[in-house]
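Protein chains in written order, with our numbering: chain A, 3 to 385; chain B, 9 to 100.
Just to be clear, a hint being listed does not mean it is correct.
Listed next, the in silico SDA-like pairs over lysine to any residue satisfying Cα-Cα at most 25 Å (straight line) [to be verified]: (1) A:Lys-60 x B:His-21; (2) A:Lys-211 x A:Asp-167; (3) A:Lys-285 x A:Leu-310; (4) B:Lys-31 x A:Ile-93; (5) B:Lys-31 x A:Leu-310; (6) A:Lys-60 x B:Asp-61; (7) A:Lys-60 x B:Ser-11; (8) A:Lys-60 x B:Thr-60; (9) B:Lys-31 x B:Thr-60; (10) A:Lys-60 x B:Ala-41; (11) B:Lys-31 x A:Asp-13; (12) B:Lys-31 x A:Arg-91; (13) A:Lys-60 x B:Leu-18; (14) A:Lys-60 x B:Leu-89; (15) A:Lys-60 x B:Arg-88; (16) B:Lys-31 x A:Glu-247; (17) A:Lys-286 x A:Arg-230; (18) A:Lys-286 x A:Arg-334.
Label pairs and their computed distance ranges (CB to CB) [unchecked claim]: (19) B:Arg-28 x A:Tyr-277: 43 to 49 Å; (20) B:Val-33 x A:Asp-15: 20 to 26 Å; (21) A:Ala-63 x B:Ala-84: 29 to 35 Å; (22) B:Glu-77 x A:Glu-151: 24 to 30 Å; (23) A:Glu-45 x B:His-21: 43 to 49 Å; (24) A:Pro-199 x B:Ala-41: 55 to 61 Å; (25) A:Arg-71 x B:His-21: 50 to 56 Å; (26) B:Arg-28 x A:Leu-143: 57 to 63 Å; (27) B:Ala-84 x A:Gln-201: 54 to 60 Å; (28) B:Arg-81 x A:Leu-95: 51 to 57 Å; (29) B:Pro-62 x A:Gly-125: 31 to 37 Å; (30) A:Glu-157 x B:Ala-41: 26 to 32 Å; (31) B:Ala-41 x A:Gly-64: 20 to 26 Å.
FYI, nobody ran anything at the bench for these hints, they're computed from the structure. Note that the coordinates shown come from a computational prediction; the quantities given were computed from them, not determined experimentally. Glycine included, C-beta positions come from ideal geometry on N, C-alpha and C.
Next come the chains, spelled out residue by residue.
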Amino acid sequence: MTPITVVIADDDDLLRGALADLINSAPELELLGSAIDADQAIELVCEKHPDAAVVDVKMPAGGGARAARGIQECSPETRIIAYSGHDDRAIVLEMLSAGATSYLLKGAQATDVVDTLVRAARGEAVLSPEITGGVVAELALHVQQREVEQEQQRELTDRIRRTIDEQRFEVVFQPIVDLASGDVLALEALTRFSDEPVQGPDRWFADAKLAGMLVELELSTARVALDRLGELPPTAYMTFNLSPETVPHCQSLVDGAGAERLVIELTEHAAIDDYEELSPHLKKLRTAGTRLAVDDAGAGFASLRHTLQLAPDFIKLDLSLTTGIDCDRGRRALAAGLIGFAHELNADIIAEGIETRGELLALRALEVRYGQGYYLAAPGPLP
Amino acid sequence: VPSPERESELARHYAQELARDRKWVADELHDDALQAMGAVLLRLGILGRQLTDPEQQALIEQLELSTRETIARLRAVIARLQDMPADRPPPG
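Bound conformation, chain B alone (with noise of 0.2 Å):
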């Protein structure tokens, strides 16, 4: 059985260590899947500027918004992740 001193070493390691990959998780995603998206939006919209016809223009329409949607969602959970103390798991 670990002494209380160990105990509250391995608690503090243990926060320390989730606290660095929250940040690893949230850099990776702001940097990486936040810009590839960021990208896959604007190609839509190099598209959507080309045609002509109002059907799939709406189409295009429609795959803006769920990719902004995604973005929006992605930061969202970047933020959550910047914010969180690591003394305390995460929610949900």
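Here chain A stands alone, though its shape is the one from the complex (with noise of 0.2 Å):
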């Protein structure tokens, strides 16, 4: 049987040697070395790659917790027994939770050591026997809560998952018209899905931003809205939303698809914060004639300067400066200047979520040249 290969890192000159020995000793157990404080322990194990590491929970730079973290870093198939002449509940809750798998007091003697040793390296968990009844409760909730985190987040993503892969979504379209005229600039894309739980597009996207996979599921709906393009009315644009992560993947989406008939919507559902990241990759997409839409503007995060920015064609009116607009000044007077803004920037604006004839009415006298709602035309599927 190969040994179980261990490395140890404690301050203590007096407990390292005994430990060292101890290991070189017992036939079952191959020692690659010894560290006295965090910063060794981390660079000892990064290079050696041990079965099991005992580590010192007091010692230099940083203490084992740290050490703890690093190793679990750079090594994470090495099991870490914590050391500690501490039985302090918060202490070894830090170092179990830093990532250590067993914890063994320093008055456990030379046979539990290797014992412990031996079945850390098996995967076990062993805990000095010594660690009172309160502890053991205590961190048998902090593993059940740990354990109710990774299923909940398991379930999450297989349900994204099962979504993209099952195209359990459907696309719908909304016209956005020229308010005088009332021809159809365009038709917004958006996602209804069809799988459990019952919840807005806004939850979903939400939802597959928490298990990481908001660019792969932006990226699935967009291609079916994208296929549907021939569809549309010759002279209409297509306008699809994206949120910001999305944009440097959706260029090979974009290329087949007849570029200078569709619309970008950049959501916003958090400030942009690198700007020099994201501006090739729009470059690129107007380049090939695609055309680029502020999504919410006067909400949340899709701020004045971070629209002057992207130099949008299209501005869309948030919205919560819509509704009752022709009876509120104060919305009256924001839109205004949203209205000029836009025109600096030689980009129209398009005020979402029309609901009413006072509204459109308003929204005409302020001389704003497209629109969409539920009172011009609900999403629907295409004809």
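Build the complex from these two chains, which are given one at a time in their own frames, with help from the hints.
Right, dumping it as structure tokens:
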């Protein structure tokens, strides 16, 4: 049987020496090296990738918790045994959440040390018997909570994966019309999810983001929308929503689709913090003829500074400004400001969420060029 | 005769000094004596694993037991020193 490879880290010379001799004397163990502080411990483990590392909880350069985190990062297969004079529950829990799987008290005798190392390397979690019942109970709760969280994350990921793979959504289209003539400028592609749970598209995309699958979901819904471009009236654009993080990945999608008939609606669920990264991608897309709209202007994160930097073709007036605009001077003034701003940028305004005739008339009076909303046409399948 | 203010100031000072000393003793015991005893315990174990004579092994086991008991007592003292509020005199 190949021996279990071990690294030890403890700043006490006597104890480190005894531990080293013990491991060297045990045929089932092989000592690969010893360290006297957290830095050395991390370095040693990263180099040797031992099966197990005995880590003193209280040592220089950040202590055992820092060492455990560093070890976890570069050598996740190494089992960490916290070695401590304390049975203080806060310290036990800190070490265990830092990645240690076992906790050995310094009052443990030689056979316990060897036994713990062997079992830990096998993947078992070992706690010194002296560690009190309270800690064990709390630890069990801790582990249980972590399992619940992991389970929830797995379920979320599975759900989004299923939605994408089995295309459990449909794309509907809502016209964007010229408010003066009634001509259809574009159709906005909107995603409706058919899977459980019943929740709005915003929530689905937020869930996808939590699962780390936002880009994938957005690309997949956009692909389905773009496949329908041929069915649109020949003069109409298709607009579709993308988050800033998806933009760098959508080039191939747009390339085959008739780029000059597409409008990307850049949705900002968070402030865009890296324009440097985004702008070359946008430039490339726009050179190919794709237009750009900034979504939700006048609300949330779509700040004027961002809009200015993006120099979009369209600015979409958020529905929080459209709703009740005919009865509210404040909203009218804000909208008028944005309209002037759009004019300066050579962009056209699209008012979202027009639901009443009064709102339509007020927007017309403000010389808003385009609009969409239930009053004009509901989202629906293509004819 | 010190004024009442001066007296309470001295008492506070004394309590602070006492708390500091206790922490120092607790830390010393933990970081030094406890580790050294731990080393002794491990070395006894190494020896025990090399011995083949049951009588000698039993002797080592007794030594291990005593050492573990010493360590447990040391840890109890440390815990008491850490938990003890400084405004109360040490028990016994």
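Structure-inconsistent hints, enumerated in ascending order: 1, 5, 6, 7, 8, 9, 13, 16, 18, 19, 22, 25, 26, 28 and 30
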